[in-house]
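There are 2 protein chains.
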Amino acid sequence: MPEYKAPIRDIKFVMQELLDCDNHYQKLGYEDASLDMVDAIISEAAKFTEQVIAPINQSGDEQGCTWTNGEVTTPDGFKEAYQQYVEGGWPTLAQNVDFGGQGLPHSLNTAITELFSSANHSFAMYPGLSHGASATIEAHGSELQKSQFMPQLVEGSWTGTMCLTEPHCGTDLGMLRTKAELNDDGSYSLTGTKIFISAGEHDLSDNIVHIVIARIPGSPEGSKGISLFIVPKFNITDDGAVGDRNAVSCGSIEHKMGINANATCVINFDGAKGYLIGEVNRGLNCMFTFMNVARLGVATEGVAAAEASFQGALAYAKDRLQMRSLSGVKNPDGPADAIIVHPDVRRMLLTQKSIAEGGRALIAYLAQLVDIGHVSTCEEEKAAAETKLALLTPIAKAFLTELGLECTSHGVQVFGGHGFIKEWGMEQLMRDTKISCLYEGTTVIQALDLLARKILGSKGKILKPFGSEVTKFCLENADDDAMQEFIQPIMSFGGDWQKMTEKVGEKAMKNPDEIGAASVDYLMYSGYLTLAYFWAKMAKVAQDKLAQGTDEEAFYQAKVKTARFYFERILPRAKGHADCVENGGESMMALDADDFSF
Amino acid sequence: MPEYKAPIRDIKFVMQELLDCDNHYQKLGYEDASLDMVDAIISEAAKFTEQVIAPINQSGDEQGCTWTNGEVTTPDGFKEAYQQYVEGGWPTLAQNVDFGGQGLPHSLNTAITELFSSANHSFAMYPGLSHGASATIEAHGSELQKSQFMPQLVEGSWTGTMCLTEPHCGTDLGMLRTKAELNDDGSYSLTGTKIFISAGEHDLSDNIVHIVIARIPGSPEGSKGISLFIVPKFNITDDGAVGDRNAVSCGSIEHKMGINANATCVINFDGAKGYLIGEVNRGLNCMFTFMNVARLGVATEGVAAAEASFQGALAYAKDRLQMRSLSGVKNPDGPADAIIVHPDVRRMLLTQKSIAEGGRALIAYLAQLVDIGHVSTCEEEKAAAETKLALLTPIAKAFLTELGLECTSHGVQVFGGHGFIKEWGMEQLMRDTKISCLYEGTTVIQALDLLARKILGSKGKILKPFGSEVTKFCLENADDDAMQEFIQPIMSFGGDWQKMTEKVGEKAMKNPDEIGAASVDYLMYSGYLTLAYFWAKMAKVAQDKLAQGTDEEAFYQAKVKTARFYFERILPRAKGHADCVENGGESMMALDADDFSF
Numbered sequence: 000m001p002e003y004k005a006p007i008r009d010i011k012f013v014m015q016e017l018l019d020c021d022n023h024y025q026k027l028g029y030e031d032a033s034l035d036m037v038d039a040i041i042s043e044a045a046k047f048t049e050q051v052i053a054p055i056n057q058s059g060d061e062q063g064c065t066w067t068n069g070e071v072t073t074p075d076g077f078k079e080a081y082q083q084y085v086e087g088g089w090p091t092l093a094q095n096v097d098f099g100g101q102g103l104p105h106s107l108n109t110a111i112t113e114l115f116s117s118a119n120h121s122f123a124m125y126p127g128l129s130h131g132a133s134a135t136i137e138a139h140g141s142e143l144q145k146s147q148f149m150p151q152l153v154e155g156s157w158t159g160t161m162c163l164t165e166p167h168c169g170t171d172l173g174m175l176r177t178k179a180e181l182n183d184d185g186s187y188s189l190t191g192t193k194i195f196i197s198a199g200e201h202d203l204s205d206n207i208v209h210i211v212i213a214r215i216p217g218s219p220e221g222s223k224g225i226s227l228f229i230v231p232k233f234n235i236t237d238d239g240a241v242g243d244r245n246a247v248s249c250g251s252i253e254h255k256m257g258i259n260a261n262a263t264c265v266i267n268f269d270g271a272k273g274y275l276i277g278e279v280n281r282g283l284n285c286m287f288t289f290m291n292v293a294r295l296g297v298a299t300e301g302v303a304a305a306e307a308s309f310q311g312a313l314a315y316a317k318d319r320l321q322m323r324s325l326s327g328v329k330n331p332d333g334p335a336d337a338i339i340v341h342p343d344v345r346r347m348l349l350t351q352k353s354i355a356e357g358g359r360a361l362i363a364y365l366a367q368l369v370d371i372g373h374v375s376t377c378e379e380e381k382a383a384a385e386t387k388l389a390l391l392t393p394i395a396k397a398f399l400t401e402l403g404l405e406c407t408s409h410g411v412q413v414f415g416g417h418g419f420i421k422e423w424g425m426e427q428l429m430r431d432t433k434i435s436c437l438y439e440g441t442t443v444i445q446a447l448d449l450l451a452r453k454i455l456g457s458k459g460k461i462l463k464p465f466g467s468e469v470t471k472f473c474l475e476n477a478d479d480d481a482m483q484e485f486i487q488p489i490m491s492f493g494g495d496w497q498k499m500t501e502k503v504g505e506k507a508m509k510n511p512d513e514i515g516a517a518s519v520d521y522l523m524y525s526g527y528l529t530l531a532y533f534w535a536k537m538a539k540v541a542q543d544k545l546a547q548g549t550d551e552e553a554f555y556q557a558k559v560k561t562a563r564f565y566f567e568r569i570l571p572r573a574k575g576h577a578d579c580v581e582n583g584g585e586s587m588m589a590l591d592a593d594d595f596s597f
Numbered sequence: 000m001p002e003y004k005a006p007i008r009d010i011k012f013v014m015q016e017l018l019d020c021d022n023h024y025q026k027l028g029y030e031d032a033s034l035d036m037v038d039a040i041i042s043e044a045a046k047f048t049e050q051v052i053a054p055i056n057q058s059g060d061e062q063g064c065t066w067t068n069g070e071v072t073t074p075d076g077f078k079e080a081y082q083q084y085v086e087g088g089w090p091t092l093a094q095n096v097d098f099g100g101q102g103l104p105h106s107l108n109t110a111i112t113e114l115f116s117s118a119n120h121s122f123a124m125y126p127g128l129s130h131g132a133s134a135t136i137e138a139h140g141s142e143l144q145k146s147q148f149m150p151q152l153v154e155g156s157w158t159g160t161m162c163l164t165e166p167h168c169g170t171d172l173g174m175l176r177t178k179a180e181l182n183d184d185g186s187y188s189l190t191g192t193k194i195f196i197s198a199g200e201h202d203l204s205d206n207i208v209h210i211v212i213a214r215i216p217g218s219p220e221g222s223k224g225i226s227l228f229i230v231p232k233f234n235i236t237d238d239g240a241v242g243d244r245n246a247v248s249c250g251s252i253e254h255k256m257g258i259n260a261n262a263t264c265v266i267n268f269d270g271a272k273g274y275l276i277g278e279v280n281r282g283l284n285c286m287f288t289f290m291n292v293a294r295l296g297v298a299t300e301g302v303a304a305a306e307a308s309f310q311g312a313l314a315y316a317k318d319r320l321q322m323r324s325l326s327g328v329k330n331p332d333g334p335a336d337a338i339i340v341h342p343d344v345r346r347m348l349l350t351q352k353s354i355a356e357g358g359r360a361l362i363a364y365l366a367q368l369v370d371i372g373h374v375s376t377c378e379e380e381k382a383a384a385e386t387k388l389a390l391l392t393p394i395a396k397a398f399l400t401e402l403g404l405e406c407t408s409h410g411v412q413v414f415g416g417h418g419f420i421k422e423w424g425m426e427q428l429m430r431d432t433k434i435s436c437l438y439e440g441t442t443v444i445q446a447l448d449l450l451a452r453k454i455l456g457s458k459g460k461i462l463k464p465f466g467s468e469v470t471k472f473c474l475e476n477a478d479d480d481a482m483q484e485f486i487q488p489i490m491s492f493g494g495d496w497q498k499m500t501e502k503v504g505e506k507a508m509k510n511p512d513e514i515g516a517a518s519v520d521y522l523m524y525s526g527y528l529t530l531a532y533f534w535a536k537m538a539k540v541a542q543d544k545l546a547q548g549t550d551e552e553a554f555y556q557a558k559v560k561t562a563r564f565y566f567e568r569i570l571p572r573a574k575g576h577a578d579c580v581e582n583g584g585e586s587m588m589a590l591d592a593d594d595f596s597f
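Chains as they are written, first to last, in numbering that gives the first Met the number 0: chain Y, 0 to 597; chain H, 0 to 597.
Heads up, none of these hints are tricks.
Since copy identity is lost for identical chains, a pair holds within one copy or between any two.
For lysine-lysine, the following DSS-like pairs were computed, each having C-alpha atoms within a straight-line distance of at most 27 angstroms:
1) Lys4 - Lys46
2) Lys223 - Lys329
3) Lys506 - Lys329
4) Lys421 - Lys78
5) Lys317 - Lys509
6) Lys329 - Lys317
These aren't lab readings, by the way, just hints derived from the structure by calculation. Because the structure is a prediction, the values reported are computed rather than measured.
Work out the full structure: start from the sequences and follow the hints.
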């Protein structure tokens, strides 16, 4: 199993040197988030994830969760680790002080989330889902609901879920059937079956707070007739304690490709007592409030997977001796050279490295936008941040998880046949990461959100704030010779992006299927270009540091060299995607469904 | 679990209409391989794989092989299925009549191999390895060895293995340590440990014949000091029967990402009795004789995986109702449209279909070249066939397995979250297929074989026979308007290929690392172009049939439309690879090994 080391130096580079989090936090009034505090928290998170969370990753996969008569047991060590997680105050980090939170910035929590995900994808999902539940109640719940559920969710003694999917509907939630009938006391009785409920049942916490979408009889059909409910596993007594069992049960858990240590549950509601959150029939709107944040969380999993796989592959590539370098023996005293001398091994490692580090920068940038959206008092700044976030979130989610999956496949490949063997831990990363391309909206759902809803839906207006930022950066560096290898491609690919967007828009007016036909290639192009921008920005910071003089020359040189690799060996892929978009959807729509196979 | 149906119509299209196997077999003197016989065998193989082999695929994955005190038990049903396989005479199909074979063409066996692989990757590996062992003994063994081992291997009552890898050496076999010491009776005593031995121990057959590479003390170091041995699990008595146990044992089996129903063994040789095959120190040469055939077998697994995943995804896409088509409701009576109406679902399905069908054509073509290499009496024809085979085998192996893996990932994606659940069988295809990118030489090993050893090593001569064939095809269709959408891109991409090859050659003269840096992108470009040629050929056949008039209009239309999809939506990817090759290896080699991480 690869030993996980939190990439502290790189996180600091991104947060402090690239994105000046100190200034960002002070401006937003996060007085507690001083540089020292940020450093201390990241160091502690590094220690905790390296020493407590990572060591139960492989055993957790091997053992998996077990279901017996409705009870789910998590793998050995998970309960204890979760206890330590709660005792360490980790769940409270970015939570509201009113409910026992530490009130630190969301972006600091995001940085730490990556460490948890790299160390143990399955474990990291438990708190991730609680966060979704508490955020929903905080934003839309009544005062009573907040007082009943928030403190325990914030503390972590209770955990949460999001119950959306049903057997016949995942993407298309308008088709849901779970019904909620009003009781005399103002509560509701929920009846129906939800599937794919991550952390739906387990032995980590004293109570589980399900956030459930359901239909109140008589509501409009489709997505406009969906309401949102809190359904606790155990009812709450009048004094707020855990009371008797609610009519919620776990019918079974799924056997999956990966994330085996996270229980994916069938949850049956058999007249379970639930409490309406927000207004009747506005349930999906309440859910969508948090879609960006949840999707950003999944995007982080892509980065986390690339990083974890990179670490494993790098250690192996330095250690494993096999064949001699084509350009001459590098390890004359050994029977062969370390495989890191071979160009293609480096190609795979640098692909992982450039996606992990580039993706980390993108995520950290987006997390700062979330901070601004949360607390900025400047409406203009807030609007710009939210517009950028709306544009870039689907790109980050789909692009970084698809590339994360590719990176874990490279990790297996660097190990050769050994990569296929469970013992080494590399194949688990590939199995665990595939889910990130599926949940919180599949890759094509992100692509349609980007192209149809956001870009074409806003007639391109959504592009402006981020587009202006990129243009400004290019203009600022127009006279910097050392930056031209990065600036020129961004301008060229960026120009093509604009033309491509216009063309797709025109085609879509005639035939809306052209949007779907273009969507994923369009998103991937956007992803390669977006990451190019962040790599150029990082190269700029590194070049400036090198020009100023630094005792970390190798670190900054590596940044510039990795940026160069990205531009020379990764960005060119965007061209193929552009040609696919250009070629349109006719060849995809030409076949009758019955003529796909004979 | 997706129900497997052998793609009989398409196999016939490829074998008969595209590659005129009737004429091919008659010319080579395969009198028994009449069209009727070919049809009958394929139909029987379809029935057998659909009814006997496919049904134990998922259960085999779930149960896996078990190891107890050196004995390996295959999953339920494998032993019975293998028995039926032997009783049906399947192992004997393309084997030499002198040893009990049916003497049918290799290419017919290859067509059938795809069915076995699609139905059950793990099962198909058992006979695959026996075939490697018998082919080695037939080509290099003594008359006594042939009489002792061939009849049982051909019949299938004994199975075989290839024992190459050791813990410290996989790709770099020159480092192997297993030693073979000469005994007084002319036999050898083998001592050492081999790993990753597929089918190294199991309960399917009466004996297991290991083909082992080892070093005779005093031999030259490296790959020139390797000899080849037969080491049976049970010694053979004087009258050829199974005798006492040899000192060969299975130390453990691996826990793997996939192919769980095939035992991947650690095999210990503790002074085991072995028999030299061929000459001392010529072991690797003997092994390499069969490298092309073995690699072609793995390439077939890529096609088989794409096909199996396509079938599962297609059935689901027609059945699963979710969302409405962007271009208008298609299923007004249902609550939503079948997801096959959505362009991106079609993009994924057509990617799978175009890789499966295009790959099938490439494999069938290569298998005919193997036929020619085996039995043609025309030296010129034989030489051309072997040259084409040498060029195209690494392309087929690496490109079709990488694309096969991609196709299985699309298969999971079409299912959404359900694709991640084991029950549906889609994720197993992805897990099983990853091994094909690793064994028999990883993707980069194929790429180096193609670019370094074969193309640059022959100063481009190896390109001529296949290059001439493609040029001839383009010229023949230069005046056919309907073919220009296919011919023009082949000429354009082909021209760029030539220039790219020359440039890489020039760069490599100055810096050999440029070969490794270009290799995988070069191979992928070659793969996309090669498949484009086969799609153009298939489109031509289909267009001719449509022009002549046919009662299978939909089938031939689908061929033309799928060809169009391939050219418009898959082939463009080659451009990104070309740019990566063009950009060279400097950015990959610039980082010191210690500077990859800080």
